[in-house]
Amino acid sequence: MMHDTPAGRKVFRSVLFYLMLCVIVLLTVLPFVWMVSSSFKGSEAIRTIPIRWIPEHPTVEGYERVFNMQGFSFARASLNSLILAVACTLVAVMSASMAAFVFAKLPFRGSGKLFGLYLATMMIPGTVTMVPNYIILRILGLLDTYTGLILPSLANAFGVFLMRQSMMSVNDSYLESAHLDGASLYRIFFQIMLPLVMPTLATMILLSFMGSWNSYLWPLIVLTSNDKQTLQVVLGNMNGIYKNNEHVLMAGAVLTILPILAVYLISQRYVDQGISLGGLK
Amino acid sequence: MYIPKTAAKRRATAVFLLPSLIGVFGFCLLPILGSAIYSVTDFDLLMPMSAMNFVGFDNYVRILTGSEFPKVLGHTCTYLILYLPLIMLTSVGQALILNKSFKGHGLFRTICYTPVITSWVAAAVVWQWVLSGKYGLLNQMLSVIGITGPAWLNSKDWAMPGIVIAAVWKDTGYYALMVLAALKSIDPTCYEAADIDGAGGLKKLTAITLPLISPTLFLLIVINIIYGLQVFDSVLIMTNGGPGGATSVFLERIYKYAFKQYKMGLASAYSWILFALILIFTAIQFRLQRKWVNYDA
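These protein sequences, in sequence, are chains A and B.
Take the position in the first sequence, starting the count at 1, then add 1; the result is the number in this note's numbering.
Take the position in the second sequence, starting the count at 1, then add 319; the result is the number in this note's numbering.
No wet-lab data here; the hints were simulated from the structure.
Check the hints yourself; a few may be wrong.
[Unchecked claim] Covered stretches of chain A (chain B as the covering partner; in silico rule of three or more C-beta atoms under 8 Å from a C-beta of chain B):
no.	stretch
1	70-79
2	171-178
[What the hints assert, rightly or not] Here are the simulated DSSO-like pairs of lysine-lysine, each with C-alpha atoms no more than 30 Å apart in a straight line:
no.	chain 1	residue 1	chain 2	residue 2
3	B	K575	B	K419
4	A	K229	B	K579
5	B	K610	B	K503
6	B	K328	B	K390
7	B	K575	A	K229
8	B	K324	A	K11
9	B	K503	B	K475
10	A	K11	B	K453
11	B	K582	B	K475
12	B	K582	A	K229
13	B	K422	A	K11
14	B	K422	A	K244
15	B	K419	A	K11
16	B	K523	B	K390
17	A	K244	B	K324
18	A	K229	A	K244
19	A	K11	B	K328
20	A	K114	B	K522
21	B	K453	A	K244
22	A	K114	B	K328
23	B	K390	A	K244
24	B	K419	B	K503
25	B	K575	A	K244
All C-beta atoms in this analysis are idealised placements derived from N, C-alpha and C, irrespective of residue type, glycine included.
One chain only, chain A, in its complex shape (with noise of 0.2 Å):
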């Protein structure tokens, strides 16, 4: 046997490690190269049997419907998510940060226990305040508006948590001699004390984009019109509608899962910070 002396079983090893590389890769793959691959596919050629990887008469009808849709725009769709996913996260980011900095470098009586208060509240499972936070936007007059939306963002405690732990760290000596030299309080957080958790301020930038973008639940419930639905609640509506035409779901899919894609794989060592940060799902 070739791999009873020592030089073979490491080449046994290694061939079997690149194997059990390849399978995963292979299992990751898959689901994506099968939605590629069917969404450039006519409606009879999505059924076959066995499985043409590459499509006989690859067609863009699938792209077509998608972007002709009754009562759905899926253009629209797009802008409004990105809007939507750029506001949220100015909101949730810029709120945190401001809070954080009170935290960590302006303390006042209690304000220890109002941190306290603030992490004890990351415990409630969203499922608790999904219901009375529709009601209230009810009772403003918010549900179906943008605003209505965006507000729940302002309280963002895991990222008042990463901040704080951030601006912890930041010498004190930059920030007075700016406050010595004049600079107003807000003139100190924008230019040195931002600037200086630039690497966490943009993990959470990025994780709150991705959340925001990928986020399905709230946008179902508070949104109602049609032209102000966003990308994963079209998604999610055309998968009803189009049970039996695969390649128009899938080219939804690929268009929905792109964007993203491309913001991940342009900021991809952020994102992976953010993980080793105890990072957000």
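Based on these hints, arrange chain B on the given structure of chain A.
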């Protein structure tokens, strides 16, 4: 930081804190209070709020004694029982590979993480097609090795396992990176001692690696149970609770009671029961951890 107490400082502190205070009080603490109150009323969204009646613990009793609750709990437990061992196995396995250095490491890492950044809606739409009975990817692959796959999402018995497979595919990359962080923090000298003693690869894994990363494994189980009890997006898109209610889970029930039947009181009570379950499951985990989690390292 020392800054003299001035009116300007007080004002700035208030300005910095206000947005987040509005958020935490208005959309977190006040809602918790609201939810607790609604849960003991017959609040119906189709009726004016003034028509709301206090009903005591009727909603809770109705849910806990109804025939639906044990089924929903059962489906959720099925999900957890299938999902937990699989996700632990795949994420530890993937992390062990990521912990080695090899050609194409960066690319491998990126590929493993792609399902994580994909939205659940898109992933569920794709997996629905992958799990399709006759023409689906999975069953066609299975038929190559001579297995006739089930109808997955259209079958009462196989719908939940189908959802679990999709969830494991989607989540492995995320938890693998968490395990990887733990693996990286192991002191390499631990292995040197084992090498001298002539321990094999498997022995090193079970006697050194796994005990040393047991706190992280514990965290993974706790997190996964918390998330698993709240599984929703995948279920709503892939099966909508079907076929015949075979995959109805807590959040799906709450969503439908609240936003399809407008029974806000009942839905609120349901969400508190779910919260209680999360606490109970987590408490059990913390109790069991003494038996296997090693914090000495």
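Which of the listed hints are not met by the structure? 1, 3, 6, 8, 9, 10, 14, 16, 17, 19, 20
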